[in-house]
Structure formats: C-alpha cells, structure tokens
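J.: Sequence:
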Amino acid sequence: MAAYFSYYSPVPALIIVFSVYLSTFSLVEAVKNGGGFTVDIIHRDSLLSPTYDSSVTRFERLQNAFHRSVSRANNFKKSAISPQQISTQVIPNGGSYLMKISFGTPSVDTLAIADTGSDLIWIQCKPCEQCFRQNAPLFDPTKSSTYRNLLCSSKECDLLGTGFNGCSSKANACEYAYQYGDSSFTNGLLGTETITLGSTSSGGRSVPLPRKIFGCGHNNDGTFSEREGGLVGLGGGPLSLISQLQTSIGGKFSYCLVPLDKVNVTSKLNFGSQAVVLGADVVSTPLVSKNPVTFYYVTLEGISVGNKRLAYKSSSKVGVDEGNIILDSGTTLTFLPSDFYQNLESEVKNLINGESVPDPQGLFSLCYTADTDVNVPITAHFTGADVKLKPLNTFVGISEEVVCFAFIPQNGLSIFGNIAQMDFLVGHDLEKRKVYFKPVDCTKH
Numbered sequence: 053m054a055a056y057f058s059y060y061s062p063v064p065a066l067i068i069v070f071s072v073y074l075s076t077f078s079l080v081e082a083v084k085n086g087g088g089f090t091v092d093i094i095h096r097d098s099l100l101s102p103t104y105d106s107s108v109t110r111f112e113r114l115q116n117a118f119h120r121s122v123s124r125a126n127n128f129k130k131s132a133i134s135p136q137q138i139s140t141q142v143i144p145n146g147g148s149y150l151m152k153i154s155f156g157t158p159s160v161d162t163l164a165i166a167d168t169g170s171d172l173i174w175i176q177c178k179p180c181e182q183c184f185r186q187n188a189p190l191f192d193p194t195k196s197s198t199y200r201n202l203l204c205s206s207k208e209c210d211l212l213g214t215g216f217n218g219c220s221s222k223a224n225a226c227e228y229a230y231q232y233g234d235s236s237f238t239n240g241l242l243g244t245e246t247i248t249l250g251s252t253s254s255g256g257r258s259v260p261l262p263r264k265i266f267g268c269g270h271n272n273d274g275t276f277s278e279r280e281g282g283l284v285g286l287g288g289g290p291l292s293l294i295s296q297l298q299t300s301i302g303g304k305f306s307y308c309l310v311p312l313d314k315v316n317v318t319s320k321l322n323f324g325s326q327a328v329v330l331g332a333d334v335v336s337t338p339l340v341s342k343n344p345v346t347f348y349y350v351t352l353e354g355i356s357v358g359n360k361r362l363a364y365k366s367s368s369k370v371g372v373d374e375g376n377i378i379l380d381s382g383t384t385l386t387f388l389p390s391d392f393y394q395n396l397e398s399e400v401k402n403l404i405n406g407e408s409v410p411d412p413q414g415l416f417s418l419c420y421t422a423d424t425d426v427n428v429p430i431t432a433h434f435t436g437a438d439v440k441l442k443p444l445n446t447f448v449g450i451s452e453e454v455v456c457f458a459f460i461p462q463n464g465l466s467i468f469g470n471i472a473q474m475d476f477l478v479g480h481d482l483e484k485r486k487v488y489f490k491p492v493d494c495t496k497h
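Per this note's numbering, the sequence shown runs over residues 53 to 497.
No wet-lab data here; the hints were simulated from the structure.
One or more of the hints may lead you astray.
Unchecked claim - Simulated crosslink set (PhoX-like; lysine-lysine; CA at most 20 Å straight-line):
| # | residue 1 | residue 2 |
| --- | --- | --- |
| 1 | K360 | K440 |
| 2 | K314 | K195 |
| 3 | K264 | K195 |
| 4 | K484 | K496 |
| 5 | K342 | K365 |
| 6 | K314 | K360 |
| 7 | K442 | K314 |
| 8 | K442 | K401 |
| 9 | K442 | K365 |
| 10 | K342 | K264 |
| 11 | K484 | K440 |
| 12 | K195 | K222 |
| 13 | K342 | K496 |
| 14 | K486 | K360 |
| 15 | K222 | K207 |
| 16 | K178 | K314 |
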C-alpha cells in the first residue's frame, strides 16, 4: 500500500460547473476550429448553482466564504514553509465553485471540486472499500472501454512523488494515497481515462480529452459533501489538468470571475487561444518558478493608495523578493504581511471621509457603514503591471449596514484573492511564463 502523507489543507481553490453536451469533437479540433474552447464556471452560492441553499442569507454565505478563505490562507502559509511536504492542498468541503466533468466511455458525469491549489485529478470509483456518500453514481472503470491502469514502473506513477505512490499486489498497478490535513483521505489506483468537458464556444460541443491521468479512488472519506465526487487539480504541478493539457492548449488558460452580487451570470474558464488576453489596456507580469510548483507566483512591488505608493519590502528590507505573492482564484480575500497591511490600511483610512465601525464578526479591521463612499484609488504594482482596482475589488459588504476592506493581515505566504481579481480577464501563459490582466465586464465577456 502506498505510504500516507500528511499536509496542510486549505479550502478548495475553485469548484466549477461545466455544461456537458451530446455531440463531441476532439481537443485538436477545438484548437484548430475555434482557437481553443471555453467553459462556464458557476459560483457555489449563485442561483445557478446546484448547491444553492435558499435558507442561507447572502451575507451568511459571504461570512462562510471569508472564514474558509482565512483557513485556506493559514494552511497555504504552512505549505510555503515546508514545500517538500506538500503535494496538493485542499479542505474538500465548501469551496467557491463546482465542476461538472465526465469520465469514461460511455461517459459518466461527476460533480467535482476543482482546485487551483492542487494538482491530482481523482474521483470515487467502484469497487469501494470505503466511500463517502455522493448523489451521482460511482464511476465503474470496468464499464469503460477507455480506462487503463498505470503500472508501478511507469513514469506517470513517478510523477506522484516519493512517498505518495506505491505498488498494488493486484496487476502491478500504481497506487496513490493522500491523507489531507483535516483527516479526509483518498486512496486508489492511478490510471488513464477519457475526460470530457462541455464547451460554451465552438458551437456548444463537448471536448473529449483522451488518456488523461487521474486517480480512481477506492477508499475515500472525510468532509466531502454528497454533491461532490472527487477533485480536479488546476495547479502548476505535472499531474494537474492544466499541465496535462499544456501542449494542446499552448500552456494558455484564463478566467473571468463575475462580481459576487451577479448571482444569475456564469463566470468563464478559457483554454488555448481562446485564453489569449489582448488589447491596449492589457498589462502583464512574469510568473516566477518556486516551490511548491502547484502555486502561481508573481512579484508584488508595491500598492498605491491615491498618490501615495507603498513599497512592498522583502524580509531582508533590501529589495523585493521575487515571487512574493500567489494568485489564487479560490481564496476570497487578499492576504498581506502585517506591517505592510497596517501601512496600507492607514493610507486607505486617510482617504475615506467617514468614521470606521467595528466588524461584528471580528474578522476585518477596517469597516464602514454601507452608505460611506469607499471609492479610493488603489493600484497593485506587480513587476511590469499596474493593476488598477475598483471598489468591488477592495471593499465587500458583510451585512446590509456594513462594508469592509477585503484585505487581511497575515505573515507568511501572501495571496491575491478572487475578490481582487473580479471583473478582470486573468490570463496565464505557462510557456511565456507570464500572467496578463485586462479590466473587463465579466458578465459580458
């Protein structure tokens, strides 16, 4: 049996709902005919989400997202300190988006957590030694004509990393065993399968992805909900969906996240040349290679508030550390070092004409009544890219009466969260090692 590993478990970065269509065409055709493809992504709290709970108020849902965000950031910090112990990061329950994805031939639909903070793709499979309850049927690899186990000696098995893989006595098959920090776990066989995504571009045809590596989980349990049947990693590691598609999509993917109050509109996830970010107002910054390779690191040089620019100092106080912040679409808030945050908060406070009020929940340190004008010019200065933030990127309503600054102090790994990225087309080019930002209306893009 493969050795267990223990790592720290933040909240899932991204959960996405994909629409699946009857007709299919290949990824090669998708790239040739439409220059890539696009899928819908739906926030779990959206009215369009299958997980929408009408008994929970909008602000209760936001509070839940904020607290998940803090948990995720705390555990990302630990992973940055001990990257050799980290393969993926996730608290499986309660992420930001849901993903509908199909496995096998004939295909079986599964609703899975999709996580930009992890790499391995895995779902629950028959036969189950132990499985958590899920609404959708379990995937049965014996019923699929395209399923193949991977051998213990395969290079794909080696990609799991030492200590994360093993060899089954049955059929010389590669085993994986992940135990998450919240005591959730998944164990099973590593295999290849046809994975199908539904495209909203290229005539609405679905895109089959043959021979993709995934974990067929035969022993899984923990804090998963009945709506979820597994996880899809969208990080930078070799087993993630993005990395496995890299050659076909030219290393390009992008997303456009609609603001939180747009509950009837889907966000978008783009692949290939559909993910190219163009226009006179596009800015770009280098992606920085660091461990763990799962994360998307960039360099933040400073933040301006009005005409005052605050330098983002390195720990050495000499200059800026390269790759000092990660872009994470699954963390709701933005997390910055405490000293820098205090200076930033002070400058924001100086430009707002109004008395601050306490956050009843005690999470945010800078809040105002909802009728206060919080339209303060704030620009994030990444290397080569000045990203001008709007009020929807910097303040969030926590109740009908109170809005709070959507930045949080935390020493350790800094995170540029999804509120800060909303209404931007954010493009990743893994071949050119760049990230692009373009201000857009994501409800129309």
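J.: So which hints don't hold here, by number, going up?
T.: The structure breaks hints 2, 4, 6, 9, 10, 11, 13, 14, 16; every other hint is satisfied.
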